[in-house]
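Mapped onto the working numbering, the consecutive letters of the sequence shown carry residue numbers 19 to 767.
Be aware that a few hints might be false.
Unchecked claim - Cut-off 25 Å, straight-line C-alpha distance, at most; resulting in silico cross-link-like pairs (SDA-like, lysine to any residue):
(1) 83 / 483
(2) 517 / 502
(3) 61 / 480
(4) 726 / 678
(5) 63 / 485
(6) 61 / 79
(7) 290 / 198
(8) 117 / 138
(9) 219 / 198
(10) 366 / 404
(11) 117 / 59
(12) 429 / 275
(13) 414 / 517
(14) 394 / 413
(15) 414 / 293
(16) 245 / 414
(17) 479 / 464
These are computed hints drawn from the structure, not numbers from a lab.
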Amino acid sequence: MMRKIESMELDSPSQKANVTAEMVKNSADEVIDLRQYFAVINKHKWRIALLAIVITLTTVFAVTKVTPIYRATATLLIEADQAKAVSFDDIYGLDSNRKEYYTTQFKILQSRKIAQAVVEKLDLKNNPDFIVNSSRKREVINDIKGLIPFLPKKKVSVLSGPEQEEMALQSLVGTFLGRLSIDPVRTTQLVNITFESSDPKLAALVANTVGEVYIEQNLSAQMGMTKKASGWLTTRLSDLRIRLDESELKLQQYRERENLVDVSGVVGLVSKELEQTSEQLVGARQVRNKLLSIVRVIDEYGRDDLEMLGSISEISSQDVIQNVKQTLVTVERKVSELSQRYGPKHPKMIAARAELATVNSNFNEQVRRLVTGVEKELSTSERNIEALEQELVRIKAQFQTLTAKEYEYKKLSREVETNGEIYNTFLSRSKETEVTGDFNSAVARFTDRAFRPQNPVKPNKMLIVILAFMASVGLGLVIAFVVESLNDTFKHINGTEDKLSQRLLGLLPLVRVKKKNGFLLHYFYDENGKRFAESVRTLRTNFLLTQLDKETKTIEITSSLPGEGKTTTAINFAFALAQVERTLLIDADMRKPNICKRFDLPPYHPGLANLISGTEKLNECIYLDEVSGLTIMPCGQRPPNPLELLTSPKFAHILEELKQSFDRIIIDTPPVQVVSDSLIIAKQADAVIFIVKSNDTRVGVAQNGIGKLVRVNAKIAGVVLNQVDTKKMSDSGYQGYYNDYSYGDEASS
Numbered sequence: 019m020m021r022k023i024e025s026m027e028l029d030s031p032s033q034k035a036n037v038t039a040e041m042v043k044n045s046a047d048e049v050i051d052l053r054q055y056f057a058v059i060n061k062h063k064w065r066i067a068l069l070a071i072v073i074t075l076t077t078v079f080a081v082t083k084v085t086p087i088y089r090a091t092a093t094l095l096i097e098a099d100q101a102k103a104v105s106f107d108d109i110y111g112l113d114s115n116r117k118e119y120y121t122t123q124f125k126i127l128q129s130r131k132i133a134q135a136v137v138e139k140l141d142l143k144n145n146p147d148f149i150v151n152s153s154r155k156r157e158v159i160n161d162i163k164g165l166i167p168f169l170p171k172k173k174v175s176v177l178s179g180p181e182q183e184e185m186a187l188q189s190l191v192g193t194f195l196g197r198l199s200i201d202p203v204r205t206t207q208l209v210n211i212t213f214e215s216s217d218p219k220l221a222a223l224v225a226n227t228v229g230e231v232y233i234e235q236n237l238s239a240q241m242g243m244t245k246k247a248s249g250w251l252t253t254r255l256s257d258l259r260i261r262l263d264e265s266e267l268k269l270q271q272y273r274e275r276e277n278l279v280d281v282s283g284v285v286g287l288v289s290k291e292l293e294q295t296s297e298q299l300v301g302a303r304q305v306r307n308k309l310l311s312i313v314r315v316i317d318e319y320g321r322d323d324l325e326m327l328g329s330i331s332e333i334s335s336q337d338v339i340q341n342v343k344q345t346l347v348t349v350e351r352k353v354s355e356l357s358q359r360y361g362p363k364h365p366k367m368i369a370a371r372a373e374l375a376t377v378n379s380n381f382n383e384q385v386r387r388l389v390t391g392v393e394k395e396l397s398t399s400e401r402n403i404e405a406l407e408q409e410l411v412r413i414k415a416q417f418q419t420l421t422a423k424e425y426e427y428k429k430l431s432r433e434v435e436t437n438g439e440i441y442n443t444f445l446s447r448s449k450e451t452e453v454t455g456d457f458n459s460a461v462a463r464f465t466d467r468a469f470r471p472q473n474p475v476k477p478n479k480m481l482i483v484i485l486a487f488m489a490s491v492g493l494g495l496v497i498a499f500v501v502e503s504l505n506d507t508f509k510h511i512n513g514t515e516d517k518l519s520q521r522l523l524g525l526l527p528l529v530r531v532k533k534k535n536g537f538l539l540h541y542f543y544d545e546n547g548k549r550f551a552e553s554v555r556t557l558r559t560n561f562l563l564t565q566l567d568k569e570t571k572t573i574e575i576t577s578s579l580p581g582e583g584k585t586t587t588a589i590n591f592a593f594a595l596a597q598v599e600r601t602l603l604i605d606a607d608m609r610k611p612n613i614c615k616r617f618d619l620p621p622y623h624p625g626l627a628n629l630i631s632g633t634e635k636l637n638e639c640i641y642l643d644e645v646s647g648l649t650i651m652p653c654g655q656r657p658p659n660p661l662e663l664l665t666s667p668k669f670a671h672i673l674e675e676l677k678q679s680f681d682r683i684i685i686d687t688p689p690v691q692v693v694s695d696s697l698i699i700a701k702q703a704d705a706v707i708f709i710v711k712s713n714d715t716r717v718g719v720a721q722n723g724i725g726k727l728v729r730v731n732a733k734i735a736g737v738v739l740n741q742v743d744t745k746k747m748s749d750s751g752y753q754g755y756y757n758d759y760s761y762g763d764e765a766s767s
């Protein structure tokens with residue numbers, strides 16, 4: 019918004035002034051007018067105070083009748099590790115090291131079982147505290163149900179004596195639990211047991227008894243579980259003993275039947291023998307395969323070509339052949355050396371050749387023997403492999419037999435071992451429960467027992483009274499603001515023009531008078547009515563200023579409904595005009611005339627109706643008020659057809675004649691919402707002043723009335739807000755004006 023204004027070119031000071039005024043107005047609209055809120059509070063302050071006093075006194079009376087309640091608290095320590103002669107926690111089914119354990123114990127403390135045990139132990143059904151409260155509660159519930167007619171009526175069922183006693187007991191237990199509270203202390207194993215009662219001694223007794231019953235029931239439960247477990251273990255032991263004996267007998271019979279001494283040792287020997295035989299068979303097959311390869315080579319080269327056979331790697335690699343070949347090479351080298359030195363017939367040469375022939379013969383013999391030996395060795399190897407294969411089949415069969423026996427043996431042994439372990443476990447637990455069956459430690463113990471309280475905890479009478487007072491004041495404020503928000507009358511001066519879209523000519527303050535005396539006729543001239551007179555003169559001034567450029571002589575004064583003060587306003591407005599101009603006041607309300615009564619004129623005095631009908635002359639139909647100098651024309655004889663008289667041309671003609679004799683003519687007319695007389699007169703009037711009663715006339719009604727005047731083209735000069743309580747007005751400007759203005763002499767006005 020500011021940027022937009024700054025960007026505008028303000029050529030003249032008037033434009034700048036208008037923009038500044040607009041900014042001030044916008045900023046004023048955005049601010050919450052706290053004065054309105056304070057005005058609402060100030061307006062209803064005595065009602066709010068009365069409501070607060072009544073509610074506070076009622077609360078004081080109520081709290082004095084309330085029975086004081088005492089509260090006693092006992093503290094228990096929930097044991098995490100309970101002492102046991104022998105540990106067998108599994109029997110109880112609770113793990114005291116888990117958080118759920120403590121939560122379970124807290125819920126047990128709040129259980130109906132504990133509550134019922136305490137009620138029966140202390141015989142609370144005959145305690146006056148419980149009897150009185152239970153009966154009061156039932157009476158209140160029955161009274162409330164009786165006040166609500168549309169609630170369905172339950173059929174009354176006939177109960178037997180035990181059923182009635184059980185129902186009464188359960189109801190008492192519910193009441194008991196409503197007073198009992200279990201509060202765990204955070205990060206500790208402590209729990210507070212609190213009970214409330216009107217009897218301080220009973221409160222302490224119940225709190226301690228709840229802890230005692232909880233401990234007793236826990237011990238009883240433990241002992242019961244121990245005895246039950248012991249009996250069950252004893253019964254099961256006999257069955258387990260029979261089962262163990264049967265399994266041992268089966269194992270022994272199997273041993274004797276199969277002649278078993280050490281099954282695992284025998285199976286180990288057979289397994290080792292099987293392994294060794296398998297290794298021998300693999301070795302024999304390798305040898306046979308090697309011999310087969312040599313035989314295939316021999317068959318390929320032939321058995322007579324010894325030299326060729328001797329060159330075969332499978333034969334030449336034999337140690338015997340290697341030795342013979344080495345000798346042959348040595349002899350051949352020797353022959354070669356001697357041949358270079360001696361002749362062929364030299365004895366050494368002959369000896370050397372003879373030795374070479376011998377070595378060759380030996381080589382051939384060895385090759386021949388080796389071939390023969392290979393064939394024999396192959397045959398032997400075949401027989402050996404066949405024997406090993408047969409042996410391996412036998413060992414495998416023996417191993418499978420022993421394995422089956424070992425499986426059956428282990429199965430029977432496992433059964434014996436399992437039955438023995440189960441039997442020993444049950445026997446151990448049975449002995450433990452038998453020995454420790456009469457020993458159980460408490461699940462909890464008292465750290466602090468409850469003692470008799472000296473002072474009640476509730477009701478806190480002073481706090482209740484203070485809260486009641488504060489709440490009643492708050493309630494009064496809420497009611498006041500709700501009433502104000504629902505009140506669509508004219509409460510504020512500033513909103514009148516906006517709601518009616520008409521100029522506010524002025525306001526007339528509220529004048530408080532006694533009902534039997536009524537409003538004084540000449541209060542305008544009274545010494546005590548200066549403030550009222552000044553407001554009427556202000557109305558006169560505002561009206562005259564708005565009509566400076568107009569010829570306004572005939573002025574109609576009307577309102578929406580009866581009782582809004584239009585006649586009083588018309589009379590006093592005429593008084594104010596009569597001070598400066600020749601003024602005539604006409605009572606045009608022919609249905610319910612009121613001006614004759616105000617000026618103490620006889621009801622038969624001729625007036626407007628007589629003048630229109632022509633039965634009387636003008637001088638006979640008017641009356642001069644000596645105090646104010648005001649000329650008055652009453653209604654006259656009430657006609658049966660007032661609307662026909664007002665619509666006749668004679669009425670318009672009379673008004674034209676009266677304008678020649680008077681400067682201002684004030685016409686008091688009926689309300690526009692009741693009859694249409696005022697609408698007919700409005701067509702003849704030069705101006706219409708509409709009266710609105712402050713804090714009484716509804717906005718919609720006034721808008722409808724002005725709308726009717728607008729539809730007949732009435733010249734509405736403005737609105738007068740009548741009977742304004744200036745002391746309660748939110749507009750401090752008006753309030754300060756009427757409180758501080760210094761009035762002068764009436765003649766000076």
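Check whether the Cα positions of residue 219 and residue 198 lie no farther apart than 25 Å.
Holds, at about 15 Å.
For a C-alpha distance cap of 25 Å, please report whether residue 117 and residue 59 respect it.
With Cα atoms ~57 Å apart, residue 117 and residue 59 exceed 25 Å; violated.
Residue 394 and residue 413: Cα distance at most 25 Å?
Given pair residue 394, residue 413 is violated - Cα atoms ~29 Å apart, limit 25 Å.
Holds or violated: residue 366 to residue 404, with C-alpha atoms at most 25 Å apart:
56 Å, violated
Check whether the Cα positions of residue 517 and residue 502 lie no farther apart than 25 Å.
16 Å, holds
Is it true that the CA of residue 61 sits at most 25 Å from the CA of residue 79?
29 Å, violated
Does the alpha-carbon distance linking residue 61 and residue 480 stay inside the 25 Å limit?
Not OK: residue 61 and residue 480 at ~30 Å, beyond 25 Å, violated.
With the threshold set at 25 Å, check whether the alpha-carbon distance from residue 414 to residue 517 stays at or below it.
With a Cα-Cα distance of about 120 Å, the restraint between residue 414 and residue 517 is violated, given a limit of 25 Å.
Hinted pair residue 414 and residue 293, Cα distance within 25 Å:
10 Å, holds
Between residue 63 and residue 485, does the CA-CA distance stay at or below 25 Å?
19 Å, holds
Below or equal to 25 Å on CA atoms is what counts here, so check residue 429 against residue 275.
16 Å, holds
For a C-alpha distance cap of 25 Å, please report whether residue 726 and residue 678 respect it.
30 Å, violated
In terms of the numbered hints stated before, the structure departs from hints 3, 4, 6, 7, 8, 10, 11, 13, 14, 16 and 17, listed from lowest to highest.
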